[in-house]
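Enquirer: With chain A held as given, fit chain B onto it using these hints.
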Amino acid sequence: MTATLDPGSTLPTDDVDPFAHEVLEDPLPMQAALREAGPMVYLSRYEVYAFARYEQVHAALVDWQGFQSAAGVGLSNFRHEKPWRPPSLLLEADPPRHDAPRRVLTKVLSPRALRRLRDGWAADAEALVDEVLSSGTEFDAVPDLTSAFPLRVFPDAVGLPPQGRENLLPYGDHAFNAFGPANDLVAKGAPRVAELSGWVAEQCRRESLATEGFGADIWAASDRGDITPEMAPLVVRSLLTAGVDTTVHGLSAVLYAFATHPEQWQRLREQPSLARMAFDEAVRWESPVQTFFRTATTDVRVGEHVVPDGSKILMFLGAANRDPRRWADPDAFDLSRDPSGHVGFGMGIHQCAGQHVARLEVEAILTALARRVRSIELAGPTVRHHNNTLRAWKSIPVRVQLA
Amino acid sequence: MLDTRTDDGPGTPRAGGTAGAAAQATPVPPDVATLRVTAKTLLAEGVLALDLAAPGGGRLRDWTPGSHIDLTLPNGMTRQYSLCGDRWDPSTYRVGVLREQVGRGGSAYVHDELAVGDLVGVGGPRNNFPLVPAERYLFVAGGIGITPLLPMIGQAELLGADWRLLYGGRQRASMAFLDDLAAYGDRVEVRPQEEFGLLDLAGFLGEPDPDARVYCCGPAPLLAALEAATSGWPPHAVRTERFVAAGTGAPVRTTPFEVELARTGLTVTVEPGVSVLDAVATAGVEVLSSCRQGICGTCECGVLAGEPDHRDSLLDDAERAAGDTMYICVSRSCSDRLVLDL
Numbered sequence: 001m002t003a004t005l006d007p008g009s010t011l012p013t014d015d016v017d018p019f020a021h022e023v024l025e026d027p028l029p030m031q032a033a034l035r036e037a038g039p040m041v042y043l044s045r046y047e048v049y050a051f052a053r054y055e056q057v058h059a060a061l062v063d064w065q066g067f068q069s070a071a072g073v074g075l076s077n078f079r080h081e082k083p084w085r086p087p088s089l090l091l092e093a094d095p096p097r098h099d100a101p102r103r104v105l106t107k108v109l110s111p112r113a114l115r116r117l118r119d120g121w122a123a124d125a126e127a128l129v130d131e132v133l134s135s136g137t138e139f140d141a142v143p144d145l146t147s148a149f150p151l152r153v154f155p156d157a158v159g160l161p162p163q164g165r166e167n168l169l170p171y172g173d174h175a176f177n178a179f180g181p182a183n184d185l186v187a188k189g190a191p192r193v194a195e196l197s198g199w200v201a202e203q204c205r206r207e208s209l210a211t212e213g214f215g216a217d218i219w220a221a222s223d224r225g226d227i228t229p230e231m232a233p234l235v236v237r238s239l240l241t242a243g244v245d246t247t248v249h250g251l252s253a254v255l256y257a258f259a260t261h262p263e264q265w266q267r268l269r270e271q272p273s274l275a276r277m278a279f280d281e282a283v284r285w286e287s288p289v290q291t292f293f294r295t296a297t298t299d300v301r302v303g304e305h306v307v308p309d310g311s312k313i314l315m316f317l318g319a320a321n322r323d324p325r326r327w328a329d330p331d332a333f334d335l336s337r338d339p340s341g342h343v344g345f346g347m348g349i350h351q352c353a354g355q356h357v358a359r360l361e362v363e364a365i366l367t368a369l370a371r372r373v374r375s376i377e378l379a380g381p382t383v384r385h386h387n388n389t390l391r392a393w394k395s396i397p398v399r400v401q402l403a
Numbered sequence: 404m405l406d407t408r409t410d411d412g413p414g415t416p417r418a419g420g421t422a423g424a425a426a427q428a429t430p431v432p433p434d435v436a437t438l439r440v441t442a443k444t445l446l447a448e449g450v451l452a453l454d455l456a457a458p459g460g461g462r463l464r465d466w467t468p469g470s471h472i473d474l475t476l477p478n479g480m481t482r483q484y485s486l487c488g489d490r491w492d493p494s495t496y497r498v499g500v501l502r503e504q505v506g507r508g509g510s511a512y513v514h515d516e517l518a519v520g521d522l523v524g525v526g527g528p529r530n531n532f533p534l535v536p537a538e539r540y541l542f543v544a545g546g547i548g549i550t551p552l553l554p555m556i557g558q559a560e561l562l563g564a565d566w567r568l569l570y571g572g573r574q575r576a577s578m579a580f581l582d583d584l585a586a587y588g589d590r591v592e593v594r595p596q597e598e599f600g601l602l603d604l605a606g607f608l609g610e611p612d613p614d615a616r617v618y619c620c621g622p623a624p625l626l627a628a629l630e631a632a633t634s635g636w637p638p639h640a641v642r643t644e645r646f647v648a649a650g651t652g653a654p655v656r657t658t659p660f661e662v663e664l665a666r667t668g669l670t671v672t673v674e675p676g677v678s679v680l681d682a683v684a685t686a687g688v689e690v691l692s693s694c695r696q697g698i699c700g701t702c703e704c705g706v707l708a709g710e711p712d713h714r715d716s717l718l719d720d721a722e723r724a725a726g727d728t729m730y731i732c733v734s735r736s737c738s739d740r741l742v743l744d745l
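Protein sequence lines, in the order shown, are assigned to chains A and B. In terms of the working numbering, the first sequence opens at residue 1 and continues consecutively. In terms of the working numbering, the second sequence opens at residue 404 and continues consecutively.
Quick caveat, the hints were computed from the structure, so don't treat them as lab data. These numbers were taken from a predicted model, which means no experiment stands behind them. The beta carbon of each residue, even a glycine, is placed where N, CA and C say it ideally should be. Treat the hints with care, as some may be off.
Examples of chain A residues toward chain B, derived with CB under 10 angstroms [as the list claims (entries may be wrong)]:
1. Thr106
2. Gly225
3. Thr228
With the rest of the complex left out, here is chain A:
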């Protein structure tokens, strides 16, 4: 179980529950403890091996040969357990099955392909910011801005019909909870799983989707034979699962960061072109996707220890993104830092295919806000939203001064 390779070197063991509510409320102390315990730690509660340092997390993310995804990127091991839904062709697949769907989605969401959306999204962001500010200078950034904007632009870009879009957030929330253990958060989503999965599956059909958009582009790839018609709806499903909650919480993270770092907001106002940098710094700092699992395909040596074949490893992306071995003053949200190389979007062949979409959305909102808002501060207690995978917000009350 905790077999050691080199004599005299024992694998550190911790019985912490990374999915307990008090940890989800503030994961930073646990992350620091795991980082300090060593390059690899055995989490006895779930019988998994954990990496919390940047070096090991990065190395595990890129090593698709040694640490596979097809056995599930959550705690559940698909070698022994049946997944709650058909596995994702992207997230939960290894080469060669991963190749074609990944290639298609990467192309559909490439920076070049997104250029046609830029002006429209900038205008949408201006309009939303105007709406919010016209009804007052105190508001809750989460419902009013950070979930409103992605829900306004992303489903249109995919080509979803107007009805039922309120299902996207609960579906995504459950999907990300389901990567964790079968705890109360998973139980909370269970009653609606069949209904929400059914709704999502319905939206992925060609007939449900608009004739233009990411969804249509994915189906067009099946016309060219780049993927099969059976794959197309599952690739669309990946968009709907991974494309909403993550962006909402990333946007929340960057707004919370600015509300608590007024000097950084001034920097952004002076230099609005820092918007992209600010988003990636926020993704490093808050890491909306905190954790993902892999499964060892063989006995994999990590430092002095061995991850046994078939065992799960838990990669703490958020901990890696604050590892002082990699980042100077890692707890600071600082626009003068180059956040390049953070693992908040993953790394390697599974690196987030939608990252450019998220960057474009966040750039639009930050640019519009920076033009209208001189200062932004917290106007009341913030409330976290607990999710087994996501570092998320329920409420960020803010007060702004108009420019």
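Expert: Same frame as chain A, but now just chain B:
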């Protein structure tokens, strides 16, 4: 030639391991990879395999079947070769090199001069010839055109797809990989021209099959014959790649070039051993990047003037030709000056 070094190899953590304050300031080596020839193996008459690895070991960039790399030889020539090794081995690239009788010296250099231990510049890998999912594959190889098809066959086997290979060449002695292919039994038809004459494409392909995909790589006359033989097949069923060993060779500068940042008003000189990304950052203009390998697309920059030397794995041929965008973590310049939208 490209004299940049990435001793730790792409894909390994950068700037890690040094505690604290210096982490951000640690220079990141550019990822125009320089690899070492670790083996040179004669496969058949006039055909050899080169194995390449990072000088200090470590992971190379991931690739998919059908991918090729640009090899910049110590004599300055650049040639494209399909990867034909094992993608599960992240530390080694393998390419097959045919000695071209009428080539312009690239393949002759590889055969006669290039030695184990030599360093070569490597761009890519890029894939313009990807394997798409299908129930059945019909592979047609002419000579050295077998190289991109070999890893495809491996994948077809893994996926449990039905596949067959028709493999032609001038004579049996010059056809590489026959031993490897023998293991597949009657899925493989080896048809040297001196024994069988021209390939019987019509007989091999049979009637158009909507569930099958035809992959062909080889010399131009074979591709022309294949296109004629598959004229009745559905669109997109047939995928070909011209064998490009004697191609034009992308011009890769060995001298510095200038990058003008149109929005910032700065002009930056990019030295051969420095990436455009780092040169721009040193000048005080931060550009977001992520993978630093030309695979994620984070550092995309618009190109307003000049001709980029694309070394990424993202753009397809048409996008490369358009020349209006580039990934500055790996791509460089063919022209003396580039004007970027920065």
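Enquirer: Taking the least C-beta to C-beta distance, is Gly225/A closer than 10 angstroms to chain B?
Expert: With a closest approach of 4 angstroms, the Gly225/A hint holds.
Enquirer: For the hint on Thr106/A, just tell me whether its beta-carbon gets within less than 10 angstroms of chain B.
Expert: Since the shortest Cβ distance to chain B is 8 angstroms, the answer is holds.
Enquirer: Tell me if Thr228/A is really an interface residue toward chain B, meaning its C-beta lies closer than 10 angstroms to one of theirs.
Expert: OK, holds: Thr228/A within 10 angstroms of chain B, min 5 angstroms.
Checked against the numbered hints given earlier, the structure satisfies every one of them.
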